[in-house]
Amino acid sequence: MSKAALLSLSLTEADALAQKAARGAGLGWGMAEEAGYAVRWLSAHGADGLGALLACLTTQRSAPKLAQGQIAGQGQGPLCPLETGSVLLDSAEIENGPLSGSLLLAPLCQPLLLLPFLAQAGSVLGQQLVLSYRGGTVALPTPAILPAVQQAFCGPFQLSLAGPLGPEWPGPNAPLPQGRATCDGPTLAALDALALKTTVPATEASRQSGAGAGTNDND
Amino acid sequence: MTQPHSQPATPRSYYRSPAQVMRLARMGSAHPMRLSFLRILLRRVAQENWRFDRPIWQVDARGVGRAVYCAHGPQRSYSLVAFAHDLPDHMRSDRVIATAWDATFALFDGVPSPQDLDRLQENVPLQEAGRIGPRELTLSRANRSVRLFSHVVGALAQGQQPDLAELQDVGYLMRTTAVYGAGKFGAADRAAIAQRPEMAAPFQAEMLTVWLIRWFTVDIVNHLAAQQGGAQAVALAPELCRQLGVGNSTGLGMAPFLVRHPVLLNNWIFAREEALARVRALPIATPAQLAGLQAALADAQENASTWRSSHPVQVEKLASLRADLTRIRDYIETWPSHAPQPWNALWHWGEATLSLEGQEALLALMLEPHGDLVDGLAECLSADEQASFRINGALPLGQLRQILVQHYAWALRIDFSQPAQMARFWYVSEEKLEPRLGDRHAEPGAELEQPLAIAHLVQALWADLQAQPDTLPLASFLMAHPQHRLVVRRVLRAPSHPFAEVQDNLIADTMLPIDLMRCKLAFFGASHFDPRSDKWVRISLFRGMPYPTELAQGAPA
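Protein chains in written order, with my numbering: chain U, 1 to 219; chain H, 1 to 557.
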């Protein structure tokens, strides 16, 4: 894909599109909001959040199942990164919860999408979280560089706490970096198609009763 | 955000409760006031001595072409780029589905280069079908009021001023049918400008856009009159210009906004209520304040006298408003007496005497002479929604239940087994990609309902919580019941955001979407709220206010 073929979206647009597409793909509204957040975070950090989301939504995924020291999938397919990320973030402040020690994660679908949740969990805890994978490590909440989406960024994943965040950490409510989301045409079209599944086709009756229907604007 | 409870300066008894304030009927009676967004813009522009110019006016004899209007603040400039079109009458539609307009606009961040203008020329006239980028803050379009526009051009071309009554009857030369900002269609994200002082309050870029459009609407009639009338044509007189605002047509698309942005809604209402409480707590009314109140009342009466609507609900409300304004005038003839807290006495009298319409008008009037006390609250109006986005799943369910009992009793009381309480559903139409309201018992599509029926969602959550132990962490509950995630996020915000919820059933058969719109539009600063049905309204913005060029000459904002 050449640079010229990439479309530029505002983060607000990317977030809104992600929410609608996730809902169209069958996620609950609240989880769809998480998808919007994840895409916004990834896009702001220069990663292809929309591409990752589309790949995730079109893959069969497993819901996470918490057990001592690990998260396994229940069902077919790799772990859903949105659900896994949400469980981890929701649980961040639970005493002796999943983030209180080292955690082994089953293979994840589109692991990039997990990172925004880990970033927030790290800032809630005031701790650096390190995710180790086959090809390296990524440290959150402020990753030096995000793993490229390719073979190297895959499981098994090991998540561990790596000490308190230093004084340079701007705090949990620091704004995201300003940026744009980029997306290629086919990805955008596929996400739009999923988003369209949240809409209701018009009927003659709904056209008649719509706001402003049947009124003359030439006054 | 500062809560009323932690404001020692103003005792709690001067505050209205969310249960009183957050009802649709009252929200649907809201009036513009000092904290309305266009007033905030005008105050800043006047205080900081912004400069304005029109470096480009390339419009031909048919009124087709482009123009640039610049607003220069102390640190930055913003430019309205206007494209004027020649639109046949049969293509003119205010509906969001329209594809052609009399004029299209973008607000550019800075002063555009010729290359920027060419890029915008390719995209802005297409509106939703085009793309703008990070240098653009808003995208907008407007249609002429055909009747008034041709009357004004015709009169001016013959060297005469237009008829005042006709001008007041319509109140605008053009009306916008959408003003998109905050990242829509590729525009700059709100976060990119939110730190700038002049953009920190809500919708400042949108208000600046509309204010500059107002200037354009006068320029274009003067231009066309000069083209038609030649040497005998005259320009529209300044005192007549003043009578003109910018119209706006708004449909259902705006109604869900306040429901989708609970933190923002809370902050708007909180700031207004804080302002009212501060005024009510004052020990005296000075002669200057009394004069300010009388002047504001005179303006309100003038405004009410030129306010037209044929919608039955609004006709009744207008009658109440006019009668109430007269009552207020009579009452303040002998006010303030020597009673302590005269403003509070005035308020209590109003609550006991006036309709909702009159009470909310009184609120706006009471804030008017107290800029020193009120205007600083403009800084509390915006919201960092991300800051309260995370769900703290460590919360035990017992505490979640407590929050529901304390903040959502109004929702738990609604009897959704009654068909009338379930009558509507909000959805997004495939054809227009716009919010719509359907009849649940007669139309298809309810399975695609948007999550706007908050009370109903709260009851579903409440029901599923019943079998759960108090000590179970919320995170475990949400793993098993992911469908409640959206409403749980809202509920968790309630204790720190008491004004976040509209405390009414948004899918009841009696619900009027125009009530939601009126509340939002009043915060914008809209006057002359004129519902054309239960689902769309026309309003006027900036009517009676100065123009950029007048403000630079020292006219009061």
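Derived from the structure by calculation, the hints contain no laboratory data.
Among the hints, a few may not be true.
What the hints assert, rightly or not - Calculated lysine-lysine pairs in the BS3-like style (CA-CA distance at most 27 Å, straight line): (1) U/K65 to H/K432; (2) H/K520 to H/K184; (3) H/K432 to H/K520; (4) H/K432 to H/K184; (5) U/K197 to H/K432.
Results for each hint:
no.	hint	in the structure
1	U/K65 to H/K432	violated, 41 Å
2	H/K520 to H/K184	holds, 19 Å
3	H/K432 to H/K520	holds, 22 Å
4	H/K432 to H/K184	holds, 16 Å
5	U/K197 to H/K432	holds, 14 Å
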